[in-house]
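Asker: Listed here are the chains, written in short residue letters.
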Amino acid sequence: EPEVTQTPSHQVTQMGQEVILRCVPISNHLYFYWYRQILGQKVEFLVSFYNNEISEKSEIFDDQFSVERPDGSNFTLKIRSTKLEDSAMYFCASIQAHLEAFFGQGTRLTVV
Amino acid sequence: KNEVEQSPQNLTAQEGEFITINCSYSVGISALHWLQQHPGGGIVSLFMLSSGKKKHGRLIATINIQEKHSSLHITASHPRDSAVYICAVRSEGGKLIFGQGTELSVKP
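Protein chains in written order, with our numbering: chain G, 1 to 112; chain B, 1 to 108.
What the hints contain is simulated information worked out from the structure, not anything from laboratory work.
Among the hints, erroneous ones may be present.
Claimed, not checked - Now the stretches of chain B that chain G is said to cover, found in silico as 3 or more residues with beta-carbon under 8 Å:
#1 36–43
#2 95–106
As the list claims (entries may be wrong) - No more than 30 Å apart at the CA atoms, straight line, and that leaves these computed lysine-lysine pairs for DSSO-like:
#3 G:K42 - B:K95
#4 G:K83 - G:K42
#5 G:K42 - B:K54
#6 G:K42 - B:K68
#7 B:K53 - B:K95
#8 B:K54 - B:K95
#9 B:K68 - B:K95
#10 G:K57 - B:K107
#11 G:K78 - G:K57
#12 G:K42 - G:K57
#13 B:K107 - B:K55
#14 B:K54 - B:K107
#15 B:K107 - G:K42
#16 G:K83 - B:K54
#17 G:K83 - G:K57
#18 B:K53 - B:K68
#19 B:K54 - B:K68
#20 G:K78 - G:K42
#21 B:K95 - B:K55
#22 B:K68 - B:K55
#23 B:K53 - B:K107
#24 B:K95 - G:K78
#25 B:K95 - G:K83
#26 G:K57 - B:K68
#27 G:K42 - B:K53
Computed from a predicted model, the values in this text were never measured in an experiment.
Note that CB positions come from ideal geometry on N, CA and C, so glycine has one too.
One chain only, chain G, in its complex shape:
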């Protein structure tokens, strides 16, 4: 069974610090996504990535956020200067064309 792997599972960071969340999507998938879920709220789209570039991003995905696929396997989400309201569960997903979506287990980010 293929799986999407996210690390770390939980990260605590000081406000204003940079964090990098890592995802290893399924190797032959083409579409990669980051989502977040603030506690008690619904899952929100952040950004989609296709063919090594951002294909779509939400209003949440401002200049503090960036994504990279540095080595063809990892897919990272960087938050440059974290704010308290960035505390959430961050999910990575990968999709192969019109097939199932696979989600990672998520990274719980806590900004203090």
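The hints should help you fit chain B onto chain G, whose structure is shown.
Answerer: Only chain B this time, still in chain G's reference frame:
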């Protein structure tokens, strides 16, 4: 108005009951996903539909493209089915748009 609306938002059932969760959407889609999220947060894909009906064990998912509506049914529900069930549509641009989720609790 949300592009993806689920109902009900919360549902409590007795073990063995037949359960239906509904999803309506207002955008053009290429596919619809039903997802399950357990306490602790992990999301698992249950179904991906672009037409008709799919069945997996006690779970059945249907979609009516003309009416922009999908349903997830659980037959002979069990306490281990307790979770949040999320409908997510894949827009024609490719992104997944999530509903707010339905929190299901099945009592023994």
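Asker: In ascending order, which of the hints set out earlier in this document are inconsistent with the structure?
Answerer: 10, 16
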